[in-house]
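A.B. asks: The listed protein sequences correspond, in order, to chains A and B.
In terms of this note's numbering, the first sequence opens at residue 1 and continues consecutively.
In terms of this note's numbering, the second sequence opens at residue 1001 and continues consecutively.
Hint data in this document are derived by calculation from the structure and do not stem from the laboratory.
Do not take every clue at face value.
Stated by the list, open to error - Restricting the straight-line Cα-Cα distance to at most 20 Å, the calculated cross-link-like pairs of lysine to aspartate or glutamate (DMTMM-like) are:
#	chain 1	residue 1	chain 2	residue 2
1	A	K314	B	E1075
2	B	K1092	A	D369
3	B	K1092	A	D273
4	A	K314	A	E164
5	B	K1092	A	E39
6	B	K1092	A	D374
7	B	K1092	A	E443
8	A	K314	A	E188
The lines below spell out each chain.
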Amino acid sequence: MRSVRIGAGQGFYGDSVDGALDVARHGDVRYICFDGLAELTMAILQRDRMRDSALGYLRDLPAFMNALLPLCRERGIRLITNAGGINPAGAAAAVREVARRLGMDDLRIGVALGDDITTRIDELRAAGAPLRHLDTGADIDEVRQRVVFGVAYLGARPLVEALEQEADVVVCGRVADASLFVAPMVHELGWGWDDWDRLAAGVVLGHLMECSGQATGGNFSGDWWDVPELDRIGYPVCEMREDGTARLSKPPGTGGRVSVDTVKEQLLYEVLDPRAYANPDVIADFTTVQLRQVDSEVVEVAGVGGRARPDDLKAILGYLDGYAGTITIGYSWPDAMPKARRAVELIGRLAARHGLRPLEQVVEHIGVDSVHGDAAPVPEDINEVMLRICARFATEAEAKQFPRLAPPLALNGPPFIAGGVAPQQTRTLLGTWPALLPRAMVEPGVEVHVDAAGAPA
Amino acid sequence: MSVEIALADVAQARSGDKGDLANVALFAPTDALYAAFLREVTSERVRAHFGRYVQGRVERFEVPNVRALNFVLHEALGGGGARSLRSDPLGKSYGSLLLRLRIRLEEGDLDGAIVGRRAAR
């Protein structure tokens, strides 16, 4: 039976390249797929693009390519990445530049375009897509004037097209995370686009692999203290067979752990209804997935069922929603918490006196309640606390001025501050607006181009 | 016999974000504990446990093939990762927050389970 071996190379924007290098060296794979796009990442890239229109793709893409291309070229490993973010053409140009510098003028680079709907929002609404908020049903008019980007989630088809045109590297933007991995499976194993169970199996494996070390022992809530060598954790490698059964493992000699317990945590990561995990190419039923330990560091994934793809594609719009200013101040024993509480009162009065009007604010005591909130018991007479006040303002000027209220409290406030008063960076806040879009409004505009790195641009 | 335990004494969990929604998957180590979780860890209890962090509803999905309950928390991330004012804007710690929840177990619920494993101090 035919099969294909695929490795994971990146789980988020900011991931280390070491995992991908281990996969390339020791994973015995034909493809490595890189997922660098989370919803938060799209917002970060939008902030980049607002500063410089040539940006908007993952800035570490050239470094990844520089580290990987020589090895992957030699071994015939093809690379698929959504590092294009909201500027895949710019990302492809960056890869081209790296390839030329490495003397690989014949390296074939593919790019998929057409997911960006930023400039098409009014046109799409006029064509009959209401773009209501997917969760709340709210009208897009609530935020329309503040929308700064929009992308639709594409599936694996444009990537398969690029592979058919013999691309060595495929760069795309907002292709669904799992679809990056589905593309080489479809390309190599000849699955049909209505072969729902197999496509669903591909989505499950892609989903398991898209967060790199989170399937192989990273962020593991079980006996994490016994997981070996997390400093050189092996990223997931799968062998997908023609019939849709797969084996998930990691490169030999690497750290981490592949067990039913580590893999199942990733199975449900960022999943809503497990019976209906919607991907652009198929709806996968995660309640059908059977996981079985078949060898040391090898888990078999079988039994996956799927059904016909959804009629609509998911889109994400980002809109400006004010500016955040952040204050931190550390306080020491004795009476660390009462001091922090007094500081919150003082900051509130200072803000009012300076004409700063927070639209909302969050007060956290780091080390006490910043992650578990009201469910965390507050211990008596704690050793120290880091107070954090984050406030949202309508204007950037207010958000910048707010943190400057804190340093004077070192001399003018409660005693024994313990560091942390340096003003924090102001953040532009971006709200995310999920919506549905008929695929006929997006797919006809999807383009795939594959060219040699040395070809004239 | 009836005992009270924290979910952290027996269960695994992982959480993540989707816009302003968070999901928390809770994994039982045995069939008996999965049945106990079905009985004890209701959407209502989870909603109350998370308090002000969750402004919307809580849905619960059963995933028996991996003995898991998947909770979807609506309006639970202060407007979403890039909009949140919190120091955990993506709800990464919501899994551990759920593991704080204490539940009552009946005779037999703990059969075959390892209870209270923790890292060395």
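A.B. asks: For every hint, state whether the structure bears it out.
C.D. replies: Evaluation of the provided hints:
{"no.": "1", "hint": "A:K314 x B:E1075", "result": "holds (19 Å)"}
{"no.": "2", "hint": "B:K1092 x A:D369", "result": "holds (15 Å)"}
{"no.": "3", "hint": "B:K1092 x A:D273", "result": "holds (19 Å)"}
{"no.": "4", "hint": "A:K314 x A:E164", "result": "violated (26 Å)"}
{"no.": "5", "hint": "B:K1092 x A:E39", "result": "holds (14 Å)"}
{"no.": "6", "hint": "B:K1092 x A:D374", "result": "holds (17 Å)"}
{"no.": "7", "hint": "B:K1092 x A:E443", "result": "violated (34 Å)"}
{"no.": "8", "hint": "A:K314 x A:E188", "result": "violated (27 Å)"}
Comparing the model with each numbered hint stated earlier shows that hints 4, 7 and 8 do not hold.
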